[in-house]
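Asks: Chain by chain, the residues run as shown.
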Amino acid sequence: MKPNNDRPDLDYDVMIVGAGVAGMETAASLGDMGYRVLLVEKHSSIGGKSILLSKVFPTLDCASCIVTPKMAAAAHHPNITPMVFTEVDEIGRNDDGTFKVDLHRKASYVDFDACTGCGQCEVDCTVSVPDEYNYNLVGRRVAHIPFPQAVPKKALIQRRGQAPCTHTCPAGVKPSGFVSLVRAGKYAEAFHMHLADAPLVGSLSRACYAPCEGECSRSDTDGTVHIRAVKRYMVDRYYAEYPEPEYGPVETQRDSRVAIVGSGPGGLTAAFHLARQGHQVTIFEAEPYAGGMLRHGMPRYRMPKEVLDRDILNITALGVKIHTGEKVNSVAELKAMGFDATFVSVGNQVPRIIPLEGRDLPDFEMQDCMSFLRDTNVSDELPDIAGQHMVVLGGGNVALDVARTAIRMDAASVSILCLEPREKMPAHEWEVTEADEEGVQIFAGGSTKRIFTDDAGKPRIEFLKVANLEFTEDGKMKGFATEAGTEQSIPADLVVLAIGLGPSTKPFEDELTLAATGTIKVNAQTLQTSDPTVFAGGDAVLGPSIIVEAMGQGRRAAFYMDRLLRGEALDVPFGDELDVTDKQDVMDEIAEWDLRPQATLPVRPPRERIQSFECYEGVFSETEARTEANRCLNCAQCSQCQECVRVCPADCIDFSMKPEPMQLKVGTVVMSTGYEIMDPSNKELLGFGRLPDVISGPQMDRLLAPTRPFNAVLRPSDGKEPESIAIVLCNGSRDHTVCNPLCCRIGCMYSIKHAQLVMGALPLADVTIYTIDVRAFGKGYEEFYEQSKGMGVEYVKGKVSRIDPLENGNLSLHYEDMLGEGGLQTREHDMVVLTVGFLPNTEPFALYKGSELEADDFQYVREIDPVSEPARTNIEGLFAAGTVNGVRDIPDTVLHAGAAAAQAASYIQGLGGA
Amino acid sequence: MALKRRIGVFVCHCGGNISDHVDVEKVVAGVEGEPGVAVARTHMFTCSDSSQQEMIDQIVDEKLDGLVVASCSPKLHMFTFRGMSERAGLNPYQYVHVNLREQCSWAHTDDKGGATEKGIHLVRAGIAKCALTRPLHALRVETQPRALVVGAGIAGMRAALALADMGLAVFLVEREPEAGGWALQAGKMGPEAQHGPDVAARLGSRIAAHDNIMLYTGAELIEKSGSIGDFNVKVRVSDEDVVDLNVGAIVVATGFDTYQPREGEYGWGLDGVVDLKTFRQMMADGKLEHGGKALRDVVFLYCVGSRQSKSEACPAPNTYCSRYCCTAGTFAATTLHALEETLDQTVNQYHLYRDIRTYGHLEMVYEQARREGALFVRWDPENPPVVEQGDDRLCVKTVDTLAGSDTLEIGADLVVLVTGMRPRENDQLNSVLKIPESKDGFYNEIHIKLRPVETVIDGVFIAGASQGPKTLAESVASSLAAVAKAGGLLMKGYVDLEPLIAKIDTDKCTWCDACLKACPYGAIEKTVCGDKEVALVIASMCKGEGGCVPVCPHDAIDIEGFRDDQIRAMIDASLKEAVV
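Line by line, the protein sequences give chains X and E.
The opening position of the first sequence corresponds to residue 91 in this note's numbering, with each subsequent residue numbered one higher.
The opening position of the second sequence corresponds to residue 12 in this note's numbering, with each subsequent residue numbered one higher.
If you are wondering where the hints come from, they were derived from the structure by calculation, not from laboratory data.
Incorrect hints may appear among the rest.
[Unchecked claim] Simulated coverage check for chain X against chain E, where a stretch passes if three residues somewhere in it have a Cβ under 8 Å from a Cβ of chain E:
#: 1; segment: 236 to 245
#: 2; segment: 517 to 524
#: 3; segment: 827 to 835
[To be verified] Label pairs and their calculated CB-CB ranges:
#: 4; chain 1: X; residue 1: Asn964; chain 2: E; residue 2: Gly384; range: 28 to 38 Å
#: 5; chain 1: E; residue 1: Glu97; chain 2: X; residue 2: Pro739; range: 24 to 34 Å
#: 6; chain 1: E; residue 1: Glu393; chain 2: X; residue 2: Glu944; range: 29 to 39 Å
#: 7; chain 1: E; residue 1: Glu73; chain 2: X; residue 2: Val228; range: 51 to 61 Å
#: 8; chain 1: E; residue 1: Gly384; chain 2: X; residue 2: Asp894; range: 30 to 40 Å
#: 9; chain 1: E; residue 1: Gly504; chain 2: X; residue 2: Phe800; range: 49 to 59 Å
#: 10; chain 1: E; residue 1: Gly124; chain 2: X; residue 2: Phe800; range: 24 to 34 Å
#: 11; chain 1: E; residue 1: Arg145; chain 2: X; residue 2: Asn964; range: 24 to 34 Å
By construction, the Cβ of each residue, glycine as well, lies at the ideal position given by its N, Cα and C atoms.
Please put together the full structure from these sequences, using the hints given.
Replies: Now the structure itself:
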C-alpha cells in the first residue's frame, strides 16, 4: 500500500487554495499520507483569520497556541510546499481528471529568501495605513510584517500603482516620497532621495512649474498639496546646513569618458547620473557660466543664482568637470579628444527675429529676449533702461520673464503685446496675473504693424486687433487675420522680441540628422542620434520645454549611455513604473473631515516686490511644511521614499519586482478560501463607523489578544477603561434586512468568550450580552455558557434596534426587553461590541473555468451531498474544505478539513498512474 | 558528565500569558549562571516561526547540545520544539520542556514575585534535567496496511469506504445484525431531507461491492493486543466463531444512544407522549393519528435530556447541549407541515423550546418551520413545562416567557419529546479499547482543535457521535477526518515510537516478576540473559508509563527521559534558593 505520489507529469498531487485552519489541516493530513502538496495563500502569511484571535472557546487556549503548531506543521512539512502571496488566476480540469492551474506570485517588493523579518523597514517607513490585521483599530506602516506570528515572517511593501504626482514628473522625481519624508521630519533623507533622481533640487524648488501639483488627487477637491513649497522648505533647510555636498566621487571609477555639450538642466542631470556610475564626465559650456537657461533665462527674483551654484555643486562634487567658455563646434572634435560618448544638450536659445517696419528709426532700439535676459541675469551691472518705454512682443513665459524683469529696472512703462487673446496666452495664467499686478500693461490680441515716430519725435509701436486666430489641435498657432481700421499705438523706446527661440544645433548639422525645425532627431526611447555614440536631449531635441522635461531627458540619456559604455544592449525599457493610481479610489477612501484647504505661501505685495530682484515668494515654517506634507493622501500607499531600501540590513527590497506567473498541473484541488466578515456599518442605526465606541466583534478580539494594539481593553474614543460593556449579538446575521438570514454559527460563542475575557481583563466592568438565542451547541459549549453566567455576565433577551450617543460620552441602547418588564427599553453602556455576521468568500466561483462550480442559495460553495460526501463539490476532483461552504467554528473546520483530505486522497488514488 | 554541556534556555512571554504574572527577564537572570547554560533569553512567542528560526540559529551558532524551553504545557508544543530541535541538528530528546504557564503563571496570577521565584526553580530543574539528557532515537515500527472500523452506522460505513478507496484493507465490525445504525430508523432526516434507510442502503451496496472491505455484522471486538501500526484483534463473529485480525489502525465509530426519559419526566409514560424517533416513524408511515384519532394539536418539547442541571430527580445530569435536536425538531415541523398538505389535515404545532440552536445554514429550517405556521413558545428551566393527562387528551402547561408570566394550557393529542444524545453504553468495547471518556461520557479526543480524532491510545481513532453529539453530516465529516489521520499513519508505512520507555539493568534484575504484574500494557517478558532470568521490555508495547519503576525491589528499572539521576538532579536544582 503506498500513496499514488510519483506521477512525473504532475507538479503536485494536490493544490490547496487558502492556508487558514482548513487549508493547513488538509495540507498536513495529505502531506502525512505522502502526497506532494502545494499550499497556496494570497496573503503573505499562512494562518488565516484564526491566528488573529485572542483566545478560542471553549477551552480559552490562546489562538497562537492552537494555530501556530498548525502553521509550523504546514511550513516545515517535507511534503508541503507553502506558496504565500500567490494568487490563483484560473483552474481548469483536464480530460484525465487532473487539473491545470494558472497562478502568479504577487510582487511583494521584498526578496523573501533574503528577508530576515527584522522589521527595520517597518520602523523607518514613512507611510501609515489602517492595519487590517487589527481590523483598522490602529495604523500600520506600508512596509510591514503582517503580524508578529506570521509564517513566513517576511516584510512586504504595499503598493497601489504609482502616485499621480510621481507618475507625472518628467524628471522622474518622486514627490510622494520626499513629501512623506518631510512629513516624518526626515529632511536630509528627503533631500538625498530627491537628489538620487534629480540633482537640481534647489532650482526646482524655485522655478519648477510643478506638473505634479496639477495631478495631485486633491487638486479637484480641496486643492493640491503644495509640493514645490514643501520641497523649498526641505532644500533650503538642507543647503543651510550643508553648504557643500556631503559626498565625493563614487568609489568605482571607470575609464570611459563622456562629453556633455551644454550645461543646462538636461546636461547637468545627465552628467550627474553618468558620474554616479563612475564614468569620467566633462561638460563643455560656451557661456562663461554653467546653468544654461536656469542661469541665463531665469529671472533672479525667481531663481537666485547662489541656489543654482549650490545645485551645480551636487554635480561637480562627483568629479564632473565643467569647462565654461568653451564652445564645441563638432562631434568629431570631441571624438578626437578621446571621448567615448557624447550628450548634446545645447538647448534652444536662438531667438527668432522678425522684420519690423521702422526698426531703424533713431532713438529706437530692438533687442532679442535672450540677450536681454542674459544681460540682466549674468552681468555685474544691469543695463540701464530707466525712463524708457519698453514693449515686449510675445505672450509666452519668456516674454513674461522679460517684462517682469524690466518692471524691476525703473522703466517708464513695460508692456506686453501678443497675438493671442489673454485667456489663450501661452504663459501660465498666474504669471500673467502677477505681471499685471506688478504694473506690466498687457495688450493681448494685437498684431504689430510698424514702429513710427510721433509728433514729439518719440518712437511708438502701432498694432492692429487680431481676428480669427487659429490653433492646431496641439495648441500651436496656425494663422490669423487682422481687423482693418483697428490701429492703435503705444510708446516704444525699446522693443524686446520674445516670439520664440530656436535650437542651438547649428554646429552639428553636418554630423547629426536634424529635423526641419532644427531639433536633433533621436530614437525616442534611447535618445541616441544618428551617430550611435552621440545622444541628445533637452530643448535641443524637444524644442522649448520645461526644466523637468529637460532633466528627464538627461536622466534617460544617461541610462542608455551607461549601458552603451558598459557594452550592454540598449533594447531594454527605461524606468520601471506601475500604472498610475486611480484618483477616484483614493478620494473614495477619505472622510469629509479629511478635507483641508491647501496652505499658500506668503507673497510680498506687488509694489514692494518690484523694488528689487529679491525673491518675493515666502517659505513655509517647519510646522507649515509638515502640516502641508501631511495633506498627502499616500495615493499609491507606498510613497517610494526609499527609506526601507536605505535601512534594510539584508538589502532585500526590490522595487523592480514583477508578478511571477506560473502554470502547474496538479492531481486534485482543495478550495479552502474561507469566509468574509460583514461590515457592520450597513446596520446604520447601530452606529458602527460613526460612533467610535461601537466596535465589531473581530476588533474586540484584537483588543483582547496577546498582541493587542493598546495592551489593554480601552474604548477607542478616549482611551478610558470601559466599565459597562454591551455585547450585541446577531448584527447582520439572521437578518433579512441585510439579505443574510443565516446564523453566523460562532457569534454566540465568541461573544461569551469576549465576556469572560473582559471580566478577566477588567474585573470591575459589567458585561451584558443582548441575544436572540444563545447557541452554545458544541462539545463543552453549554458548560462554557453556564460558566459565563456564573461569572456574572448578564444576558438580556432582546434585539437592539438603535444605539445613540449620549452627552456624557456614553451610549444609549434601545432594545426590546423580551423577558424582563417587556416593552421598549433603553440602557446606558460606555462601550458596545457588535457581534458581526459572516459572508461567503465567492472567489472560488471566478477561479474555476469550464463548467460552473455550483453555489448554494447563499453563495457558499455547494456540497453536493453533505450527508455522505462531505467536502465534495459538483466538480469531480475539486473539493471544498472548511468555511468555504458555510461558516464553521475551529473544531468543525478541522474535522471538515480532515474529511476533505480523505476525499482528495481517494480521488488521487483513483487517478492511477500517468 | 565528563564534558561540560552547552545548554540554551528560552523563556516565553506567551504574549503576556506568562509575562503578565512571571517576570521572565528575572527568570532569565536567575538561571543564566546555572552550570552548563550557554545562552539564556526570552521570546514573545517561542512557538512562532521566527522565534523558532532564531533558536535554530542559536543552537547551530552556539553549538548547543541541550535545550530548555520554558513556555506553555508540553501538551501543546512539545512536538513543535522537538521538530525544531531536529531541524537544528539537535537530538530532540535533549530538549526539555518546562511548563511555565499552566503550572506557574496561570496558577499564581495574584503573586508576581512568588510566581517569578517559582519560575526560576522550575527552569533550574529543567536545566538540571537537560544536563543529564543523552541522545535517544525513536523506535521505527512498520505499519500494517489494514484498518479496523468499529461500528457500521453511516459514519463507520463511510469511513470504511474511504479507507478502502485509499487502497487499504478494511474490516468493518457491527454489533447489530444489520449495518446502518440509527439511520435505519430515522425516516427523513434534516436538513438534507435524505431518507435514512436509503442512505444506509446506498453505502451498504458500495461496501458489498468493494473488494477491500470485509463486513462482519452481529460481531464484537473482544480482544486487542499489539500497538500502533500492528494491532492483533479478535472479533467474535458468531457464538462459535472468533476471527483473528491484524490491523495497523482502529477507527471507532460506535455512535450514540438516545436519551431515555425517566418515568414521568415531561409525562413520559403517558399515552400520547412519544419521542421524536417514534414520531418520525409515524410520519414516515404517512399517518397523522394517535389512538385512532386524527392529530389536531401536537406539542414538541425540546431539550429533553440535554442542558440539564443537577437536582434530586436528576442526580447525574447531562449538562451538555445535544446539538442536533433543534434542527431535528424544526425539521420534523416542516415534514409534518408537508404531510398535512398531502393528507389535507390541519395540525397545530407548538414547539416548546429554551433556545433554538439551528446554527449556520440550519437556521433556514427554523425559518421555514415558523413561516409554515409552527408556534414557538420559549420556556425557562426554572419553571419547566408540565405534561399531564387531561380529560380527553393530554394537557401541557407552560409559561410563555416571552409573553408575560401567564401559564398557557395547551391541549395536545400528541407530545413529542425531542430527546438528546447519550454516550453509548458499551462496557465490552470499552474494556478492550480503554479509550478515555470526557466529562460528558463521550470518548475523549486528545485536543478538540489540534487532534480531534486521535486518542491517547496511539493508533486508535474516534469518529462521529462517539466523540460527542453531532448531526449526521458532521458525524460523517468527522469519520472522514479520522480516516485522513489513520490513512496518514498507514500509507506512510511506518511509525516512529517514543524511545522514552523502561530500561532494565540486567545486572541488578533478579526476575521477581513484580514489574510484569505492574505493567498495564503487557510490555514485560521474562528472558534469559547469560545465566540468569531477567525482565525484558517489549519496546513497541511499553508506553513509558513507569508503574514498574517503584515496584522493583532492586532499583533495576529506569524510564528514559525520567531517569532517577535526572529526577534527583531536578530536586536538588529546584531546592536552591532563588532571589527575585
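Asks: All hints, please: hold or fail.
Replies: Status of the hints after comparison with the structure:
Under a criterion of three residues with beta carbons nearer than 8 Å to beta carbons of chain E, the stated coverage of the segment 236 to 245 of chain X is upheld, 6 such residues being counted. Coverage of the segment 517 to 524 of chain X by chain E is violated [criterion: at least 3 residues with CB-CB distance below 8 Å; count 0]. Given a C-beta distance limit of less than 8 Å, the hint that chain E covers the segment 827 to 835 of chain X holds, as 5 residues qualify and 3 suffice. Remark: the range hint 28 to 38 Å for X:Asn964 to E:Gly384 is upheld by a beta-carbon distance near 34 Å.
Distance hint for E:Glu97 and X:Pro739: a CB-CB separation of about 29 Å, consistent with the stated range 24 to 34 Å. At roughly 47 Å, the beta-carbon separation of E:Glu393 and X:Glu944 lies outside the given 29 to 39 Å, and the hint is violated. In this structure the supplied range 51 to 61 Å is violated for E:Glu73 paired with X:Val228, their Cβ-Cβ distance being about 37 Å. Separated by about 37 Å at the C-beta atoms, E:Gly384 and X:Asp894 satisfy the suggested range of 30 to 40 Å.
As the Cβ distance of E:Gly504 to X:Phe800 is approximately 52 Å, the hint placing it in 49 to 59 Å holds. Taking the beta carbon of each, E:Gly124 and X:Phe800 are about 26 Å apart, inside 24 to 34 Å as hinted. For E:Arg145 and X:Asn964, the Cβ-Cβ distance of about 57 Å falls outside the hinted range of 24 to 34 Å, so the restraint is violated.
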